[in-house]
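Here the protein sequences come in this chain order: A and B.
Per this note's numbering, the very first residue in the first sequence carries number 1; after that it's consecutive.
Per this note's numbering, the very first residue in the second sequence carries number 1001; after that it's consecutive.
Hints were generated in silico from the structure; no laboratory data involved.
Errors might be hidden in some of the hints.
To be verified - No more than 25 Å apart at the CA atoms, straight line, and that leaves these computed lysine-lysine pairs for BS3-like:
(1) 1142/B x 436/A
(2) 440/A x 1102/B
(3) 426/A x 1115/B
(4) 135/A x 333/A
(5) 440/A x 1052/B
(6) 1102/B x 436/A
(7) 1115/B x 424/A
Every value quoted in this text rests on a predicted model; they were computed, and no experiment measured them.
For reference, the chains in residue letters:
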Amino acid sequence: MRTSTRRSRRLMTLTVVATLTTGLLAGCADDSGDGSSNSGGGNGGGSGGGGKTALTIGTFGVFGYKQAGLYDEYMKLHPDVSIKENVTTKTDVYWPKTITRLQAGSGVDDIQAIEIGNVAEAVQTQADKFVDLGKEVDKSQWLDWKNAQATTKDGKQIGLGTDIGPMAICYRKDLFKKAGLETDRTKLAAQWAGDWSKFVGVGKDYMKKAPSGTKFVDSASSVYNAALGGGSERYYDKDGNVIWDKSKGVKDAWDAAMQVATSNMSAKLKQFDKPWDQGFSNATFATVACPAWMIGYIQEKSGESGKGNWDVAAAPTAANWGGAFLGVPTAGKHQKEAIALAKWLTAPEQQAKVFAKQASFPSAPSAYATLKPQAATVEYFSNAPITEIYAASAKTIPVQYFGVKDQPIGTAITDVGIIQVEQKGKSPEQGWDAAKNEIKDVLGQ
Amino acid sequence: MTSSKQALAHPAPSAETAPGDQPGAVRGAQGRGKPPTGPGSWRSRLYRWDMKASPYAFITPFFLVFGAFGLVPLLYTGWYSLHSVQLSSLDNQTWVGLENYKNLWSSDFFWNALKNTFTIGLISTVPQLLLALGIAHLLNYKLRGSTLWRVVMLTPYATSVAAATLVFTLLYSWDGGMINWLLHFVGVDPINWRESDWGGQFAVSSIVIWRWTGYNALIYLAAMQAIPSDLYESAALDGANRWQQFRHVTIPMLRPTILFTVVVSTIGATQLFGEPLLFGGSKGGSEHQYQTLGLYMYDQGWIIGNLGKASAIAWSMFLILLIVAAVNMLINRRLRKSQ
Chain A
1 MRTSTRRSRR LMTLTVVATL TTGLLAGCAD DSGDGSSNSG GGNGGGSGGG GKTALTIGTF
61 GVFGYKQAGL YDEYMKLHPD VSIKENVTTK TDVYWPKTIT RLQAGSGVDD IQAIEIGNVA
121 EAVQTQADKF VDLGKEVDKS QWLDWKNAQA TTKDGKQIGL GTDIGPMAIC YRKDLFKKAG
181 LETDRTKLAA QWAGDWSKFV GVGKDYMKKA PSGTKFVDSA SSVYNAALGG GSERYYDKDG
241 NVIWDKSKGV KDAWDAAMQV ATSNMSAKLK QFDKPWDQGF SNATFATVAC PAWMIGYIQE
301 KSGESGKGNW DVAAAPTAAN WGGAFLGVPT AGKHQKEAIA LAKWLTAPEQ QAKVFAKQAS
361 FPSAPSAYAT LKPQAATVEY FSNAPITEIY AASAKTIPVQ YFGVKDQPIG TAITDVGIIQ
421 VEQKGKSPEQ GWDAAKNEIK DVLGQ
Chain B
1001 MTSSKQALAH PAPSAETAPG DQPGAVRGAQ GRGKPPTGPG SWRSRLYRWD MKASPYAFIT
1061 PFFLVFGAFG LVPLLYTGWY SLHSVQLSSL DNQTWVGLEN YKNLWSSDFF WNALKNTFTI
1121 GLISTVPQLL LALGIAHLLN YKLRGSTLWR VVMLTPYATS VAAATLVFTL LYSWDGGMIN
1181 WLLHFVGVDP INWRESDWGG QFAVSSIVIW RWTGYNALIY LAAMQAIPSD LYESAALDGA
1241 NRWQQFRHVT IPMLRPTILF TVVVSTIGAT QLFGEPLLFG GSKGGSEHQY QTLGLYMYDQ
1301 GWIIGNLGKA SAIAWSMFLI LLIVAAVNML INRRLRKSQ
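Isolated chain A (complex conformation) (with noise of 0.2 Å):
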């Protein structure tokens, strides 16, 4: 009896390691297959390495390839590819991680996605590690400061340009109804256009009769990315010096931005935050700056309850925030094959495939004649004419240089300087020099 009872918890206690440990092996396969071979998962039932080549391409947040079923077109295409997506969601997770392995020269996905806040540093500082794309494309198929910005000074291209961020307004209908607002996007959109001070006078009025519980935008920093996509100066010259305490068009968002923070208008969140969602998902703010990629986020975090209840409005001036490239980096293993699905998946047809299921707006202008004119999200946004609006915008967008620093240079202005402002309660003069002594840092001054 006893012994057979120890002879159980013995046997117990191995199943228990056993277990443990082929889980951890698992676990340490799955890592290491992640950059190397690991064939597409369900498609092609596992073929066993027969000839198939398996692609990996790593993305941060949501790029829609996925959404819009493209992967899947382009292997059934292919019957030779198999095509994974790394996605890591947050991008100040997926750079360093990405530009570490890019200099180890290994661990890199035969195709990794560049925000445009870390084109510069990977145009000035990684451009051996990625292959020249100018020259297998035909590049008039790109706006051109697109191409522009992913260029060497020797004329290399490292990235295909994927979707812009053409700016306009996203706003609830239902709120500024009862706050008795004009509710018609177009005639809302003459009362703010042209000057972002303007959309400040549209929030005072908001504010005067919001509903409870409720305010005019979601936070300053998202008045200050949007004003600041529409000056034609950003952190850095053309040449690369670093301008921020002197650029107009940082000056100017600043300023709109500190109308909002120190009018009560703003909801005082944080972009991207849990609780920034959870704003979404209540209705706490009535207005949040909707560059075109912002619309699939919006959809998915406001849910079924925001369905009709939001629209869009031109914004008050044409801007540009975010976007994307692909670049082929030379340590994958499949070169040839990971340049030709790049160039697919950046092609004009996919953008526009890409724009219809999540409405990133394409950086193909000749992509523009072919969008539909009802994406699969216009429902959701009051049947509101994006392709439109965003098309306006986006002609008129200004030429942006963007330098090694941009991004961290953009977080201390909007995580330490504005928020300094905006939650604190301290002085735009506080908040500015707090957002000097961060970017000192930043720059290691």
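Please arrange chain B on chain A, whose structure you already have, making use of the hints.
Relative to the frame of chain A, chain B by itself:
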């Protein structure tokens, strides 16, 4: 590898033979100083060699792994800290000597992070250990379903930092968070936890406390159960009540355990990273209110890309931990003497 195989193969036969079959040979070799001859003495020599070498063979794997993944990176980080290195161009290093350390010395952000690490460490560790002690004491009573309670105690510890922090972020949310909602019933105005100075530190500490209290409580409980019950019986005979028993029997008997948890918690607090990062980003709040040293290092190295400076922070943290360990040791020694 080969030596460990030998070590594995031999102890059994030599252990059997040495005392049993040829006791004379073994004792003779040691006792009378006669040079050992024959197979028996060869065996005994092997046995002695085995006794000496196999422990080293057994611990070698750890030290090899430690060398590869602990020591080498540590030294390499030290090397980096003397250079100006950007994350985006690791090959491009320029020697700057102690410049990075000088920078830190004159950087407000560094001192601020050091101060925060200390205060957050204090307001998370002290209540955590006191709570753990109390809970362990309660669990030490005879309870129905005691195993269940103990498992429940461990649940927060088993939860991932990310999941726990996300939930807490929502609870502490400025607008619509449950804690502000509860405060509102007591008539307190909503607090912007993430941006207020002490509120942020308190919130981060509460996540730490929530996660680690049960873990420490179980350690205390284990130690409590090792206390002989006759001590309590004699204390009870002397007329000591529960509280007096706790103070005069339990606490003194737990002293080594308490010291252990203090050391471990201090090290944990110095390296605090995940909770504040997920709670308020790599800046630790807009005024760096709860940016700990670990977070400052991450911000410098991975967000800003200044690896040289980040390495200097890493080494400073290492040195600080050494100092903390030394102080702990001194206190420990002092306490033992006073006993």
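Cross-check of the supplied hints:
1. 1142/B x 436/A: 61 Å, violated
2. 440/A x 1102/B: 16 Å, holds
3. 426/A x 1115/B: 23 Å, holds
4. 135/A x 333/A: Roughly 20 Å separates the two Cα atoms, so the pair holds.
5. 440/A x 1052/B: Given pair residue 440/A, residue 1052/B is violated - Cα atoms ~59 Å apart, limit 25 Å.
6. 1102/B x 436/A: 21 Å, holds
7. 1115/B x 424/A: Cα-Cα ~21 Å, so holds.
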